[in-house]
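Asker: If you're matching them up, the sequences are chains A and B in order. In this text, residue positions in the first sequence follow the working numbering: the first is 5, and each later residue adds one. In this text, residue positions in the second sequence follow the working numbering: the first is 2, and each later residue adds one.
Read the hints as simulated data drawn from the structure, not as lab findings. Quantities reported herein were computed from a predicted structural model and do not represent experimental measurements. C-beta: ideal position from N, C-alpha, C; glycine also. Heads up, none of these hints are tricks.
Mimicking DSS-like on lysine-lysine, the simulated pairs with C-alpha atoms at most 27 Å apart in a straight line are:
# : chain 1 : residue 1 : chain 2 : residue 2
1 : A       : 687       : A       : 723
2 : B       : 105       : A       : 498
3 : B       : 218       : A       : 514
Distance windows between CB atoms, simulated:
# : chain 1 : residue 1 : chain 2 : residue 2 : range
4 : A       : 86        : B       : 462       : 36 to 46 Å
5 : B       : 384       : A       : 687       : 37 to 47 Å
6 : A       : 738       : B       : 252       : 46 to 56 Å
7 : A       : 458       : B       : 462       : 47 to 57 Å
8 : B       : 276       : A       : 691       : 54 to 64 Å
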Amino acid sequence: MSSLCRRLFLLLSLLPGLWAFSASGQEGGVNFSREVLPILADRCFHCHGPDASHRKADLRLDEESEAKRDLGGGLVAILPGKPEDSEVWKRILSSDPDEVMPPPDSHRKPLDARERDLVRRWIAEGARWGRHWAFERPVRPPLPDPSAHPVDAFVQKRLAGENLLPSPPAPPATQLRRLAFDLTGLPPSPEAVTAYERDPSDAAWQAAVETLLASPHHGERLAMWWLDAARYSDTDGYQGDAERTNWPWRDWVVRAFNDNVPFDRFTLEQFAGDLLPGATPEQILATAFHRHHMTNGEGGRDPEESRIDYVIDRVNTMGTVWMGLTLGCTQCHTHKFDPIEQRDYYRLFAFFDSIDEDGKAGTAAKPYLKYRSPQADRAVKEMEAHLATLQPRVAAARAAAEARFARHLDSQVASQATGYRAWRPLTPTAATSAEGTTLRIEPDATIQATGPNPRQDDYRITLPAPTDLPRVTGWRLEVLPHDSHTGGKLSRGKTGEFILTNVKLLVRRKGQSQVRELEMAGAVADYEKEAKTRAYGKVRDTLDDDPRNGWTTEGADATKPHTAVYELAEPYRPSPDEELTFVLFQRSTIGDANIGRFRLSATDEAGETVRGLKPSPLEDLAAARPAKADMIDPALRKRLLDQFLLDESAYQTELATQNEANRQLGELRKAAGDLNVMVLAEKAEPRQSHVLVRGVWDAKGETVSRGVLPEILPWPDEKTRTRLDLARWLTAPEHPLTARVVANHVWQLLFGAGLVRTTEDFGLQGEMPTHPELLDWLAVELVESGWDLRHLIRLIVTSDTYRQSSDASPDLLERDPENRLLARAPRFRLPAWMIRDNALAASGLLNPALGGPPVKPWQPEGVWEEIFMGRYTYQPSVGPAQYRRTLYAFWRRSSAPTFLFDSAQRRVCEVRQSRTNTPLHALTLLNDTTLLEAARVLADRAAAEPARGHAILSRHILSRDLDPAERAVTEREHQRALDHYRVHPEAALAFATVGQQPSPTPESAPAIAAWMVTASLMLNLDEAMTRE
Amino acid sequence: MNRRLFLNQTGVNLGAIALGSLLARDSASGAAGLPAGLSHRVARAKRVIFLTQSGGPSQLELFDHKPGLMKWAGTELPDSVRQGQRLTTMTSGQKQLILPGIAKFSRWGESGATVSEWLPHTGAVADDLCFIKSMVTDQINHAPAMTKFLTGHQLPGRPSFGAWASYGLGSPNRNLPDYIVLISRMKRPSDQPLYDHYWGSGFLPSRYQGVKLRNSKDPVLYLRDPDGLPRELRRGMLDGIGELNRMRHDATGDPEITTRIQQYEMAFRMQASVPELNDLSDEPESVFELYGPDSRRPGSYAANCILARRLAERGVRFIQLFHPDWDHHSRLPSWCTARCRDTDQPSAALITDLKNRGLLDDTLVIWGGEFGRGVAGQGQWDSPEAGRDHHPRCFTIWMAGGGVKAGITHGATDDFSYNVAENPVPVYDLHATALHLLGIDHERFTHRFQGLDYRLTGVEPAQVVREILA
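Excised from the complex, chain A in its bound form (with noise of 0.2 Å):
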């Protein structure tokens, strides 16, 4: 047996009802819920279940009646104490395939031995029936151990059946890491971590605890938690993407952590607090939780299709995140596993059917509440300060550019030229075309089209890089007329006008293959057509890879010439082993006007030159010839200066930052403005709910009205009326779902995995708890305590369970490798949000501010452009803004934040994580630029003290100092990178030069980038990245 086999036999013996065998083994009599009924309906039900559609041979082995009942000719399927002679029994034994159940084709694996084993015996000890365990009310089990804290008491009662021991506490620094960590999603402060070291008395937890509780980014932790299974997105999702403004939602949330709402208050306010009475603009800003599914505003779709869609999402959400259930199924069918009918899942949907909404999206998904956030003036003023530092800076840089022009322009004046021309005509070495039109090149660099005039063509004109230019910053196309046009005109097609679709401009290396696209910034002409959009007239729609538009000059005298200019993005230098090929797409709907004659010019101008088509500055200046620069026309002055300072690339760095904190600054007035806000309100008249046959949007079946589910709770109708009657049936003391599902996710945020590790799922098909007496107690306390959450996690992180070492031996290991006894705290991954505050905590980047809008930490360029093929484009924001918590990262849904490696999508609700471990991962915490700017500051820090440097670092990354064999490899590295950097001052002064900090002085730079290596190393350590 391979060592994976060996692996994967220890995991399967591990699986859940491996578990629950074990354990009635030593108690006696087969539990009927935990043991027998998860084999029935993950074999049976699928065939012999709730759903009667999928029904076979009309029998339901999901009722006990039906399952017991003479189904003819003395045939029982059940017959209790009687395997032998019960039908179930016979047909799992059966070798026959027409015989054995599950049959052959129905790919549900055979029972094996041990479930064999266990229905004989339930059947043998009388069938006694029950229901799934999870459908019963939570009763609150008796602690095994009263004086022992309640945790401690079924994890350990549960270890000590195993003949296993707890581990002995976590080392103090790694109790109050993982403390830090799961309760605000920051590490702790090195002076936190030394004084409970110094300290670490239990009264010193209750201390940490507390502290952490009462701390506002408590609050923040926990909405994280709250916006995935939300599906919180500040984008649609579809089509568009258009945003919306609902993250005073997100603000909402927070406060509500932070106040500590009672989870039933917290259920009532978001499921209907709009139809509270005198319902203030808060609790009516609570109901964005049911509108943050994707919206569809795509061209062409039926609304109605759509708002089925949202409604459906509602449901599905809900039976996910309060009550772990699996509705989506019964939109189409009754559930195949749980007793849930199809009419019972449309009674749930009626609570959302008459919303006043019609299914449109982007600025159109009314209901909305205008709603003005007191959390965004602080943003704006954080700004408005930032870019008061800004100013100085452009004005000192400006004055200096200023001072290098006056020297400039002597020197232009002393040495003008008379006739000097802004452009240089560009002679072709090569036109070819793509469809057979002839060109011929003239001496004076003109190009006619001659020969054969085909419908659509593609000009190609090569010749080598204008080496004679110092750059081209921009070209120009002539189109000229001729006399061998059609009416001497611009073109040979019938009316002798021309239509221009596309250009590029693209560079080639001799002996290279493959060519680069020079990008342009714009394009002018000295007439255009009036046109709208996807019409020929416009020459910038050359720019844009459409046949559908170009340019066109028909409308003005198409006997004369006409003129474009194109401005190039960057400004491109020839090179001596460069060609450059011009391509003219004309591929008009129509076609029939191809270019009869044109010529190309370049310039090394920029700015008005490649942005107009009147003389440039300097053609001026040569032709007012001043004898002296002071003589210089003031306007024209001001041109000449203009076209200077665009080449002063210190200066345009600062007023471009200057110009994006502007911006931004805007954008945040205006989200500190009325706001719409996507809620819950009522239609006047409601819509009548329908059964959709087979979940079809329009397939209306049976008529509907609200109510709940039977078989989970049942309702009287006049309890069930509305949206506050739904959320408080959730939350009824007696509904056996909702505070076991709540107690498991606080489980899972607490120890990275619920007690039911199918968190959205405790339905037939979901896992059963691996403690399940724990859950029940959890949630009857949950519920006792007043659906406190802050008591809840209060009791946990004080149990012993909590706080034990998460050091496996090898033996733990191959017993549990899942650690599903918890004889080991577990140790796991940081979710990749976390990665990232802990960078900005750990380094002191991080601005804890609360709420307020959305900030766009750094990704990549280019990301969303390449989604929207340039519709959308991605700015950091700038300042302190660049340093808020990942919570308030904007989230376009098309395009999640590049940062987060294996977060929650949101598209729909998410309640359980999936933690990958792959290479791309690995990419990004080794090069994304927030965490490389955190290794910038950590190495300021570490280089003003260098004796201390390496604790400095291991402090405020890992919470703890190194141990000498570590600290050898780290001083290793870190010599190493200090080698290099004193040989290569200019690497480390680009390495070091990250983000918004200012470079380093060339004398310090290599000490400070030899300290980034170290400090980047520390933080892609597993330790770093892992709650242990």
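Position chain B relative to chain A; hints supplied.
Answerer: Just chain B now, with coordinates in the frame of chain A:
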């Protein structure tokens, strides 16, 4: 006992025991010789190249030749044909006047396949292709239809076809991801965004999601080390990380640390292997001549076709290209022909190139989009401005290689290219067939999530299209 045997014997449900993470660890550890997957039968194809044409290419202009439509030109579509078919709200208000296909058609090769003059290169390789003219979907809008075409369900959240395939097959390449996505670069803002759930892993572990190879200085997000950090320092850093992580592993016993060390090493290898893959300077001139002039422009569909072949050579399991902007509601003569010019020569060249290198036999190539287009003209039907609205009831795709019969046409539509007349192939059947060719039984290939066993082919009965199997 090897893993495959073990899995088959137990019929174990992969997801229920989180085998995914085990596999992830295993494949990362480079355990040689272990097939990291679940093959049910002999695979005819080892990999897939999916040439996704987003927007809904018009079967009437490209493949489904209906010369008989001329006599119906400008008349209203008979109700007997339409049979209550939904329209999008873009044309539901207008009369459905028939616009016969505006492109000329020829018969090509020995198979005599009908392919439009707009796709002459595709026509020239028609004898290597298998056309399915009877594809059917039930979605009429882009995002739901493409989501269905690629994930089996119209709502986002399910794993994509490529994710399923890489989940089932694992990777023979230790230096590249199993599933790679390439998107044509186009300047105009797309009306149909290419959502990343099209290549997402849904509820499968995220390591199975498609990795987008970008046309930028960072071909994979975060691949490039920062300026000023040379490769030798990165190597030293990773050595240090590895050593310290091993110490931590010894202290804590957590096997996840071992995996992390391996993933960091693979990241380092990817930093070399991806740029090498992306650098076409070792391709001879003849290759660029074969794939056409656009192949010289990085980011073009044609350049991506060359990359697809390079990825196939390197053992990547699932290679998916996306070419946007096939949504031709208007101006077929300029708009549709533009997309044909982008894709025709490179798609055909890819077939020829794979064939010449002996790779076509075990590479399944699929060309197609999320739905077809309607026979009625949109806009003034007899103007060059006319286009066509979406149409779910029939569309054409083609497949090649990987165990598919060459030179055949499967299925047919009625005289209006409106309804399928014979051998309908719903999207599920396409998935079932492709999985079959990869050696996977679609009915047994499940993953448990939220209490249900999900499969790519969904809950409706799906069938392998046996008629097209070679």
